[in-house]
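There are 2 protein chains.
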Amino acid sequence: MATLKVPAHVPAPSEDAEQLRKAFEGWGTNEQLIIDILAHRNAAQRNLIRKTYREAYGEDLLKSLDEELSSDFERAVVLFTLDPAERDAFLAHEATKRFTSSHWVLMEIACTRSSHELFNVRKAYHDLYKKSLEEDVAHHTKGDYRKLLVPLVSAFRYQGEEVNMTLARSEAKILREKISDKQYSDEEVIRIVTTRSKAQLNATLNHYNTAFGNAINKADPEDEFLKLLRAAIKCLTVPEKYFEKVLRQAINKLGTDEWALTRVVATRAEVDMVRIKEEYQRRNSVTLEKAIAGDTSGDYEKMLLALIGAGDV
Amino acid sequence: MATLKVPAHVPAPSEDAEQLRKAFEGWGTNEQLIIDILAHRNAAQRNLIRKTYREAYGEDLLKSLDEELSSDFERAVVLFTLDPAERDAFLAHEATKRFTSSHWVLMEIACTRSSHELFNVRKAYHDLYKKSLEEDVAHHTKGDYRKLLVPLVSAFRYQGEEVNMTLARSEAKILREKISDKQYSDEEVIRIVTTRSKAQLNATLNHYNTAFGNAINKADPEDEFLKLLRAAIKCLTVPEKYFEKVLRQAINKLGTDEWALTRVVATRAEVDMVRIKEEYQRRNSVTLEKAIAGDTSGDYEKMLLALIGAGDV
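Just so you know, the sequences run in chain order A and B. Read in order, the letters of the first sequence correspond to residues 1 to 313 in our numbering. Read in order, the letters of the second sequence correspond to residues 1001 to 1313 in our numbering.
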């Protein structure tokens, strides 16, 4: 469930566009007005505002935001304003670039989106970068990471709930053998994790747990590749727990990890942030609102809190 | 260009459905009438006929065809009648099954369809088999074949004509090195062939040819995996030459290879059969019509000839 709050009566896109233009004009920028509008419109509404804004002022709203805002606040507003598929394409593209490269972001996008959402990201990637997502991922990764990440971002998993229990048992056994042998990047492990439906994978992991008495996630915490593989499995089966941990680590870090915090809030506010907040409170005995308020400040804080549904519209 | 001939005035789908029903009824089946209708309607029209038929007679047209027809004629009519995405999903599914398994058919479907067509095959595969295409391919192949085929069927290649010449040169060099070392299944070779756009791959191969003086297709004709890799490259860059060769081998074989012949005719009649026929005549000094007429007979022959545009509507 989304934490995004949209007012009962939403102004016309032309009115929102006009208000935003006013917020940019004159001395200083009216940040509160920007938050009041953009943090309280859904993806379709934001797209319409962008379209109307371009028609009225001959400039992309994102470019105006880029000129008027700065730093973490800018990144939060721009990321959230983007259409979800475009936003993921943008984040994935960043994640293949040298100075912002991240196997984790690629894995997160590949494993927590639905099959159709991920395909829409691949379409947006063509449009934005004149290349395919998988060719950039393949080109900019190597070894075991390439073996895992290319099929992850290329997957179009079956989304039905049907489960084949015989298969779940046989593949749990394969996973067990390979993991006992520390062959984390074995091609059978990669095949199972990258191609099976989420429902099927869940059945396989349940069987693993029952038959072998411990969760797959307990193995060898020092291996970097295994960490990524475990996180992929978590994203595929219990995404809210994965996101809770990313938020926890981002906030608890000495010096908040704003990139991770902004990314999770901007990408999940319209999806499952209610569940993530529940997980966060259960695990940290403090609400996510309180944690974010204690760790951030100013307009950036206001933007994040608006997106996670703190306060009224 | 398609060889499929659709009459200037096409009867209403309900009329076609009624005629087909009549063709099935009474003593014997009216095969000519079936050919006259189904071999002369485009994909959208055939879909409408199937829909109307189901509504009128409570049975799938494909099931009726299956009951009334047999052998090669049946396969040709049924394959052609299927919607292109469904047909490819059906062929790909067959190609992952034990007794009809074929790396070649999987490669052909992955490499000769457009990116969006291939994605539609993956969607149809979900609907028909409650699984993903890539999970079946990964599950039923191994070793080098899996390394090549899984990314091929999962690809969503960029389809623009933009070409990066620096990249073409550097990747031609990579291909040259690996192929000189007979490392045909090297992960860099696989990466280049499975992720680059067709235009980019073409530029890379042109550079290969210019810089190294011989085509990539000349290497080591005895290696089975290399044969498949070479065929993939051919499918991606000059599909009509690939299909010409499949037809030539199917027809020249001692005992025609009807499966290959039917597959190519049924899948290409609505796409590029005009070009394939030109290639065929150039390479064999005989028209494809004549070659097929000499090698097949009866209703099967009539169906194939209708699809490759022999005679009038």
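Heads up, some of the hints might be wrong.
To be verified - Calculated pairs, BS3-like style, for lysine-lysine (alpha carbon to alpha carbon, straight line, at most 30 angstroms):
#1 A/K97 with B/K1253
#2 A/K173 with B/K1147
#3 A/K147 with B/K1182
Rather than coming from a laboratory, the hints here were simulated on the basis of the structure.
> Where does the structure disagree with the numbered hints, that is, which hint numbers, in rising order?
Replying inline: 1
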